[in-house]
Amino acid sequence: MSEAAKTHSPLLLDMKNICIEGFADERWHPIIKGVDLQLNRGEVLGLIGESGAGKSTLGKAAMGYTQPGCRITAGEIWFDGQDLAQAKTREKRDIWGTRISYVAQSAAASFNPAHRLLEQTIRASKRQGERNDAELRRDAIELFDALNLPEPETIGQRYPHQVSGGQLQRVMTAMAMSSRPDLIIFDEPTTALDVTTQVEVLASIRNIVSQFNTAAIYITHDLAVVAQMADRIKVLRYGEEVEQADTRTMLSDPQEDYTKSLWSVRSLEKPEDASDDVLLSIDNIDAAYGTAKVLHDVSIKLPRGRTVAVVGESGSGKSTTARVITGLLPQSNGTVTFNGKKLPPKLSSRSKEQLRRIQMIYQMADTAMNPRQTVGQIIGRPLEFYLGLRGKDQERRVIELLEMIELDASFYDRLPDELSGGQKQRICIARALAAEPDMIICDEVTSALDQIVQEGILNLLQRLQNEFGIAYLFITHDIATVRAISDEIVVMWQGKVVEQGMKNEILSPPHPAYSQLLLSSVPEMDPDWLNNLLEQRETEGDGVIKAQD
Amino acid sequence: MLRLFEVIGKRLLLGFVTLFIVSLLIFSAISLLPGDFAQAVLGQSATEDTLAAFRSGLGLDKPLIQRYFDWIVNVMRGDFGSSFSGRNSSGFDLSRPVLEIMAPKLRNTVFLALVTAAVAVPLALILGLLTALFRNSIFDRGANGLTLTTISAPEFFLAYILIIGFGGLLPTIANVKPDMGVFERLRLVALPTITLTLVIVAHMMRMTRAAIINLLASPYIEMARLSGASQAEIIFRHALPNAWAPIATVIAFNLAYLVVGVVVVEVVFTYEGIGKLMVDSVGSRDIPVVQACALIFAATYILLNLLADLIGILTNPRLLHPR
Numbered sequence: 010m011s012e013a014a015k016t017h018s019p020l021l022l023d024m025k026n027i028c029i030e031g032f033a034d035e036r037w038h039p040i041i042k043g044v045d046l047q048l049n050r051g052e053v054l055g056l057i058g059e060s061g062a063g064k065s066t067l068g069k070a071a072m073g074y075t076q077p078g079c080r081i082t083a084g085e086i087w088f089d090g091q092d093l094a095q096a097k098t099r100e101k102r103d104i105w106g107t108r109i110s111y112v113a114q115s116a117a118a119s120f121n122p123a124h125r126l127l128e129q130t131i132r133a134s135k136r137q138g139e140r141n142d143a144e145l146r147r148d149a150i151e152l153f154d155a156l157n158l159p160e161p162e163t164i165g166q167r168y169p170h171q172v173s174g175g176q177l178q179r180v181m182t183a184m185a186m187s188s189r190p191d192l193i194i195f196d197e198p199t200t201a202l203d204v205t206t207q208v209e210v211l212a213s214i215r216n217i218v219s220q221f222n223t224a225a226i227y228i229t230h231d232l233a234v235v236a237q238m239a240d241r242i243k244v245l246r247y248g249e250e251v252e253q254a255d256t257r258t259m260l261s262d263p264q265e266d267y268t269k270s271l272w273s274v275r276s277l278e279k280p281e282d283a284s285d286d287v288l289l290s291i292d293n294i295d296a297a298y299g300t301a302k303v304l305h306d307v308s309i310k311l312p313r314g315r316t317v318a319v320v321g322e323s324g325s326g327k328s329t330t331a332r333v334i335t336g337l338l339p340q341s342n343g344t345v346t347f348n349g350k351k352l353p354p355k356l357s358s359r360s361k362e363q364l365r366r367i368q369m370i371y372q373m374a375d376t377a378m379n380p381r382q383t384v385g386q387i388i389g390r391p392l393e394f395y396l397g398l399r400g401k402d403q404e405r406r407v408i409e410l411l412e413m414i415e416l417d418a419s420f421y422d423r424l425p426d427e428l429s430g431g432q433k434q435r436i437c438i439a440r441a442l443a444a445e446p447d448m449i450i451c452d453e454v455t456s457a458l459d460q461i462v463q464e465g466i467l468n469l470l471q472r473l474q475n476e477f478g479i480a481y482l483f484i485t486h487d488i489a490t491v492r493a494i495s496d497e498i499v500v501m502w503q504g505k506v507v508e509q510g511m512k513n514e515i516l517s518p519p520h521p522a523y524s525q526l527l528l529s530s531v532p533e534m535d536p537d538w539l540n541n542l543l544e545q546r547e548t549e550g551d552g553v554i555k556a557q558d
Numbered sequence: 159m160l161r162l163f164e165v166i167g168k169r170l171l172l173g174f175v176t177l178f179i180v181s182l183l184i185f186s187a188i189s190l191l192p193g194d195f196a197q198a199v200l201g202q203s204a205t206e207d208t209l210a211a212f213r214s215g216l217g218l219d220k221p222l223i224q225r226y227f228d229w230i231v232n233v234m235r236g237d238f239g240s241s242f243s244g245r246n247s248s249g250f251d252l253s254r255p256v257l258e259i260m261a262p263k264l265r266n267t268v269f270l271a272l273v274t275a276a277v278a279v280p281l282a283l284i285l286g287l288l289t290a291l292f293r294n295s296i297f298d299r300g301a302n303g304l305t306l307t308t309i310s311a312p313e314f315f316l317a318y319i320l321i322i323g324f325g326g327l328l329p330t331i332a333n334v335k336p337d338m339g340v341f342e343r344l345r346l347v348a349l350p351t352i353t354l355t356l357v358i359v360a361h362m363m364r365m366t367r368a369a370i371i372n373l374l375a376s377p378y379i380e381m382a383r384l385s386g387a388s389q390a391e392i393i394f395r396h397a398l399p400n401a402w403a404p405i406a407t408v409i410a411f412n413l414a415y416l417v418v419g420v421v422v423v424e425v426v427f428t429y430e431g432i433g434k435l436m437v438d439s440v441g442s443r444d445i446p447v448v449q450a451c452a453l454i455f456a457a458t459y460i461l462l463n464l465l466a467d468l469i470g471i472l473t474n475p476r477l478l479h480p481r
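If you read the protein sequences in the order shown, they are chains A and B. The first sequence begins at 10 in my numbering and counts up by one. The second sequence begins at 159 in my numbering and counts up by one.
Think of the hints as simulated: they come from the structure by calculation, not from any bench. The C-beta atom is built at its ideal place from N, Cα and C for all residues, glycine as well. Incorrect hints may appear among the rest.
[Claimed, not checked] With the C-beta cut set under 8 Å, the calculated list includes, among others, these residues of chain B facing chain A:
{"hint": "1", "residue": "Tyr378"}
{"hint": "2", "residue": "Met381"}
{"hint": "3", "residue": "Leu384"}
{"hint": "4", "residue": "His396"}
{"hint": "5", "residue": "Pro399"}
{"hint": "6", "residue": "Ala403"}
{"hint": "7", "residue": "Arg476"}
Let's have the full structure, built from the sequences with the hints guiding it.
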């Protein structure tokens, strides 16, 4: 984006052979194993990799900072003529927040709840002491305006909890920009946002970074996002560099197998398959938490042995629908019909047989399992509860189930803590499977997983459906996942069903306004995607976007 | 703002309900006390007639429920009744109103509590902040070890150790008189104050330390650090404003203890406080005094907890500035 700066090519940041260790289980483990990183003034470097690859650790190390419990064991961090690896904390404090800023992943958690936004925005620049309070305040308001925040004059007077997540992320960008730093570290700044919000934030960040010719390190696990933001991409794995190249080369011609595998995950797709044999039908459901009504006249049909994906952004009522179906939240109106019979609204009035037939898998496999129980106990419990299996029979069945989810008998005595994220989710799938259900509600089951692991889980779920004819109600906000698994799609928005139909029908135009907004907001691997999208929305004068914010 | 008043109003109302329930408990618990007051005062030789006359004079022959309502209605009017002691079979009634008996003792207790709080609360906060700041240092371990030792030792034991150690320098009998000046009083309560401070400081200090350490691990503290904030700024500007709710709760708890739980210390230093009064009154079956003391203790707890809740609300921008 900044061709001019690149031709001068003055090196801003030069990290040489960085090694970082973290302390866990009574010993030091390597996190970063000798990575080099160079960054020119005004250049944006994308740092990608799966969780645990060390992206965030490396990003923070660019500031000479390590989290408590981590240490830099070797290497040099030259920032504008100063080695931050050797600098004293006091010297680094003079640079942090003023010459290098940091934008964190969760803006909601990274703002101090006790202070007003404007105060937090200008605090670091105030310390710098170059401009007075009034100048900084005026400048902050201009930045809010440049970042397309609503009511830039007054939004700074609010507290963090009074604005939305997408707005907070932009305020944090304003905070980073306030001191006009030479370098900003963006650490997954849009990961916690809905796709529709993400587009706006990405556009704002990109504009402001190029406007002030700021260099940036943009950390993310989302390839499509990094393709929009970065001039150059570096891929990390297990704390080592896999490869690096400028963005277009990297996307069109990745060299390493690992990079190629990252690229290929998104192409998972399955042909849709229609069916009229309705297993579950919810009709005209209204539901409320206390007095806050969250579902309005929701009707969804789930055919036997098929997958219906429920998509929508956070707060659209997807998970609430699942709670109504399972009986956790009795509806105030409407009916849930399962296998041709009406289900009692309340969990406590449903029979064990009715409970057995509908199972659930959750987003956070971590918290969905009792950390004190072994895998055998976790999977054995529904076997005993629903099917009355005990002792040897139970054990045999647990091992069968473990084999079905592509794990083996050696997992029987393990505790959840000893498993990886993907393995935990597999155990949760086995637990749901143990009850021999007709349908499973999958609530964002792949959202917390890395892309390659996601692929494995999705393939497993598909295989199980083919073998046992289980129907899935698949709740997700990720369109790539929808393509990979669903037969039908339900689009939800603000507690209502916007659109419902076969996958290809929904994914191809024409769409209702909201579906259009949602689908067009999903980043694509094309580096020009964001430009084209913004241009298109500009010409169409898309009013929906403004209404969303 | 309106919402804030609503919350406070709700808490106040709940406080009154709690107090009402507590009054029921106190009354029924006291009616369960073994022994008979008439018998205790008049002695084993009293005849049935004199006992009955004595009881009817005090209203003790009425049904339990009626006695409760008579009592609670009077209490709401501010009348805690008259003490049983001073009455006897001769017919002369030398009894004094409960309030008159309690007032000077309550003043003494509150004085000791305030002096102790003035020393202990700032000390605990400062120690808590410092131990959080220098976590796992020798200072942290030392302060924790020392305060844990003092909280683990029985109060009377601490008191006697202090008497042995400082008996030559400071008065060991805290017999304050109503006409004494403030400085004289302060000198007299020096040792009780130190004893109580040693007892309560650990609890408050450790809570402050835990609350601050907990907050130091939150993302916004890392954010503050990465925007160049100094250690002091991080503690005072970023962590402390968010830590008041748990700290206030534990302070309230300990202040309440200073009012209701210091009888042992009062006895050791022969300090005429309300704890000692209550224990004496239980011994002499002086029911109106016992009930009044218990009710005041309950009200103290409820009021201080209410204050702690209030601080929690006032320092929480989510409640103070709703969306």
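Structure-based check of all given hints:
no. : hint   : result
1   : Tyr378 : 5 Å, holds
2   : Met381 : 4 Å, holds
3   : Leu384 : 4 Å, holds
4   : His396 : 5 Å, holds
5   : Pro399 : 4 Å, holds
6   : Ala403 : 11 Å, violated
7   : Arg476 : 5 Å, holds
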